[in-house]
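Undergrad: Each chain, written out:
There are 2 protein chains.
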Amino acid sequence: MNSDCIKVFAPGTVANVACGFDVIGLALDAPGDEMTVRRKDTPGITISSIEGAPFLSKEPGKNVAGVALQAFLQELGQPDMGLDVTIKKNIQPGSGIGSSAASSAGAVVAANLLLGKPFTQEKLVRFAMEGERLASGTAHADNVAPAIMGGFTLVRSYQPLDLIRLQTPDDLWVTVIHPQIEVKTSDAREILKQQVQLKDAIRQWGNVGALVAALYTNDYGLLSRALEDVIVEPVRAILIPAFYELKLKCKEAGALGGGISGSGPSVFMMSRGEENARKTAAVMDQVYAPMGVDYKIYVSRINTEGVRQI
Amino acid sequence: MNSDCIKVFAPGTVANVACGFDVIGLALDAPGDEMTVRRKDTPGITISSIEGAPFLSKEPGKNVAGVALQAFLQELGQPDMGLDVTIKKNIQPGSGIGSSAASSAGAVVAANLLLGKPFTQEKLVRFAMEGERLASGTAHADNVAPAIMGGFTLVRSYQPLDLIRLQTPDDLWVTVIHPQIEVKTSDAREILKQQVQLKDAIRQWGNVGALVAALYTNDYGLLSRALEDVIVEPVRAILIPAFYELKLKCKEAGALGGGISGSGPSVFMMSRGEENARKTAAVMDQVYAPMGVDYKIYVSRINTEGVRQI
Chain Z
2 MNSDCIKVFA
12 PGTVANVACG
22 FDVIGLALDA
32 PGDEMTVRRK
42 DTPGITISSI
52 EGAPFLSKEP
62 GKNVAGVALQ
72 AFLQELGQPD
82 MGLDVTIKKN
92 IQPGSGIGSS
102 AASSAGAVVA
112 ANLLLGKPFT
122 QEKLVRFAME
132 GERLASGTAH
142 ADNVAPAIMG
152 GFTLVRSYQP
162 LDLIRLQTPD
172 DLWVTVIHPQ
182 IEVKTSDARE
192 ILKQQVQLKD
202 AIRQWGNVGA
212 LVAALYTNDY
222 GLLSRALEDV
232 IVEPVRAILI
242 PAFYELKLKC
252 KEAGALGGGI
262 SGSGPSVFMM
272 SRGEENARKT
282 AAVMDQVYAP
292 MGVDYKIYVS
302 RINTEGVRQI
Chain P
2 MNSDCIKVFA
12 PGTVANVACG
22 FDVIGLALDA
32 PGDEMTVRRK
42 DTPGITISSI
52 EGAPFLSKEP
62 GKNVAGVALQ
72 AFLQELGQPD
82 MGLDVTIKKN
92 IQPGSGIGSS
102 AASSAGAVVA
112 ANLLLGKPFT
122 QEKLVRFAME
132 GERLASGTAH
142 ADNVAPAIMG
152 GFTLVRSYQP
162 LDLIRLQTPD
172 DLWVTVIHPQ
182 IEVKTSDARE
192 ILKQQVQLKD
202 AIRQWGNVGA
212 LVAALYTNDY
222 GLLSRALEDV
232 IVEPVRAILI
242 PAFYELKLKC
252 KEAGALGGGI
262 SGSGPSVFMM
272 SRGEENARKT
282 AAVMDQVYAP
292 MGVDYKIYVS
302 RINTEGVRQI
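Protein sequence lines correspond, in order, to chains Z and P. First residue of the first sequence? That's 2 in my numbering, and the numbers climb one at a time after it. First residue of the second sequence? That's 2 in my numbering, and the numbers climb one at a time after it.
Extracted from the complex, chain Z is given alone in its bound form:
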């Protein structure tokens, strides 16, 4: 019976890593969901339990894990295979740390393990992107790619899909604060301007190039300088309470830099080493404690593995 059931850890992810808006994402070690995918005798996909987010639909066609698995089984040529999914959500939907991506990614990686790895990682990303399409209307890859591939990923192109697993510096940590306020992805997208200044765009791609170079050379100083977003952050910062104060104080406390995670409301900061990441967490706590907003703080090494069997 056990060999017909795979249990996985499905990590939270940070998309829109500063200058890398829409292209660079990374995987976390915490928070993450736990999921099982199990063969069953009756045909079709079922989602028998969702713990921690009771308002999510258990109808496979209305649940990102279900939709991702449907794409998986379709491509496998066995659309009626019987699979049951259980989900324990630790990543809160709407947090901006890839909650839907974790469910989509976890489901397809677990199914792939269950069935003897019929698909490549890139195929799995494509299936999980269908979950993202359900969640946000767009089949974006910037959360599901790092969730599945681990570490830092770059989505170079969608047509054709071109995913690059970047190198991760040895001692890079992430601190995330999730203020429990609602920022809708659609709202966060609507306030962006469709046109940007060429000079700003040039500064942004200079930073993207530098960020990637920093990852390959373990150059934390360069990484810190490159963690700058002159296009999106100035527009979206207003959605996050005390964003600039938070960022400034975290950097004063030793963080390398950071920005808005995904489309918010979570904010991530990177640090060299666990000690700096924990100092950053303490500073986040100091800034948010008096504000009358509930929040959670996570300290995590970069997860270089992605979804993993547990």
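Just so you know, not all the hints are guaranteed correct.
All copies of an identical chain are treated as equivalent in the list; a pair is satisfied when it fits inside any one copy or across any two copies.
Unchecked claim - As a list, the in silico BS3-like pairs of lysine-lysine whose alpha-carbon atoms are at most 30 Å apart:
1) Lys280 <-> Lys297
2) Lys252 <-> Lys124
3) Lys124 <-> Lys200
No lab work stands behind these hints, which were simulated from the structure alone.
Let chain Z serve as the given structure and place chain P on it in line with the hints.
TA: This is chain P only, laid out in the frame that chain Z set:
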């Protein structure tokens, strides 16, 4: 007497490497200028000979090498030191392969060697940027940085100046064709739109990230895919005769990709290995031979050293 004279090779450079408009440049092994800088007893900078470009001014204040050396001597605190410069130009001014940058860079590197290396590479780039200010009105670094540092360089930022020497794949070659037509940098700049579509900018910085990743991982396939410019090339291609035909046929012949060198009229194509680079040269020749435009073609490994003593 000889120890008071330094002779250098000052390389041509390709700025605006495809998606890396305004930020990524590279140094060539050919063409390049030869320059000497010599101590002399009388105070002040003189330019005693310029071979190959008789129309360039020998007045130090009106010659990029002179202006760069003035900046050098000023910072040294010896503005009246006597230095004489000779220049043998092989890089034609207005070619788009860093003619002014070579002269500026060659002069300051030679002077630095002559005087026992008082300055860092970054300082030398700053001095050479003053030559660029004279040549084009803007103290840009995207040619002088690779000319001085060698290989691929990234200008992350001007305020403050932040230069990054990127890694160069082992077997990367460049083929450059210089059609002998005039494209003024100022004209090439004027036709650019000051605003660009956000979606195009995102595609561009995805490509920049991928290009840098390809350089660090020796991934020629990725390099090829990343050599795409969706912002500037579509506007400037009209300035270059048969640009798209040239590019297409070079890629069909095995080139990885390329684009307009600097602000043109030269066009560069990258190849893996000398053989592909020479095939690319042959294709360039076939495309341009019937067109009634004079042209020169250069085949060169990436120059990882920059200006060097000869």
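Undergrad: Would you mind marking each hint as holding or not holding in the structure?
TA: Results of checking the hints against the structure:
1. In this homomeric assembly, Lys280 and Lys297 come within 30 Å of each other (Cα to Cα) only inside a single copy, at 15 Å, whereas the closest approach across copies is 60 Å.
2. In this assembly of identical chains, Lys252 and Lys124 lie within 30 Å of each other by CA distance solely across copies; the values are 28 Å between and 38 Å within a copy.
3. Taking the shortest Cα distances, Lys124 and Lys200 sit within 30 Å of each other only across copies (25 Å), while inside one copy they are farther apart (37 Å).
When the structure is compared with the earlier hints, no violation turns up for any of them.
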